[in-house]
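Chemist: Sequence:
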Amino acid sequence: MREDGRVDAAQPSTRRIAGALIVDALLVLLFAVIGRASHAEHLSVAGVAETAWPFLAALVVGWLVTLAWRAPLAPVRTGLGVWAVTLVGGMLLRAAAGQGTAVAFLVVASLVLLLLLVGWRALMVLLRRGRRSPEG
Numbered sequence: 001m002r003e004d005g006r007v008d009a010a011q012p013s014t015r016r017i018a019g020a021l022i023v024d025a026l027l028v029l030l031f032a033v034i035g036r037a038s039h040a041e042h043l044s045v046a047g048v049a050e051t052a053w054p055f056l057a058a059l060v061v062g063w064l065v066t067l068a069w070r071a072p073l074a075p076v077r078t079g080l081g082v083w084a085v086t087l088v089g090g091m092l093l094r095a096a097a098g099q100g101t102a103v104a105f106l107v108v109a110s111l112v113l114l115l116l117l118v119g120w121r122a123l124m125v126l127l128r129r130g131r132r133s134p135e136g
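Residue numbers for the sequence shown, in the numbering used here: 1 to 136.
Be aware that a few hints might be false.
As the list claims (entries may be wrong) - Have a look at the derived ranges for each label pair, beta carbon to beta carbon:
{"no.": "1", "residue 1": "Gly98", "residue 2": "Ala40", "range": "18 to 26 Å"}
{"no.": "2", "residue 1": "Gln99", "residue 2": "Gly19", "range": "25 to 33 Å"}
{"no.": "3", "residue 1": "Arg70", "residue 2": "Leu29", "range": "18 to 26 Å"}
{"no.": "4", "residue 1": "Leu127", "residue 2": "Ala10", "range": "15 to 23 Å"}
Hints listed in this document are in silico derivations from the structure and should not be mistaken for laboratory results. Quick caveat: nothing in here was measured; it's all calculated off a predicted structure. Note that CB positions come from ideal geometry on N, CA and C, so glycine has one too.
With these hints in hand, go ahead and build the complete structure from the sequences.
Modeler: In structure tokens form, the structure reads like this:
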């Protein structure tokens, strides 16, 4: 909201901000589920939580560091920053918790989280542009 009490049209709605954060969190959970399933690990709630928590915690930090709520759907401005903090922070928390951080896992996690956290935002931009362009 602007100082004169009017809503700034460029400011994202609370609904859009919350939706973007929820999508990010669900995609981090999906990353954990896919990782556990690909290694034939048990897909219990506790098991998924054990795998996901470092990345979910880092995701929150990523949102704070990048001020993601200002442009929650921006692939470059928000997506890349959230991805980088989620990846690095998640790996550091995994290491601190005694979980694995093998080079192969780092590479796969980098690529998958990049695809998920930046990819959905890029897709949204493309879809929004497609709706705005005239048919013909």
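Chemist: Hint by hint, note whether the structure agrees.
Modeler: A quick look at each hint next to the structure:
A C-beta distance of roughly 21 Å is found between Gly98 and Ala40, which places it inside the suggested range of 18 to 26 Å. Between Gln99 and Gly19 the beta carbon distance is about 30 Å. The supplied range of 25 to 33 Å therefore holds. For Arg70 and Leu29, the hinted distance range of 18 to 26 Å is satisfied, since their beta carbons lie about 24 Å from each other. The hint said 15 to 23 Å for the Cβ distance between Leu127 and Ala10, and at roughly 19 Å that hint holds.
Violated hints: none; the structure is consistent with every hint.
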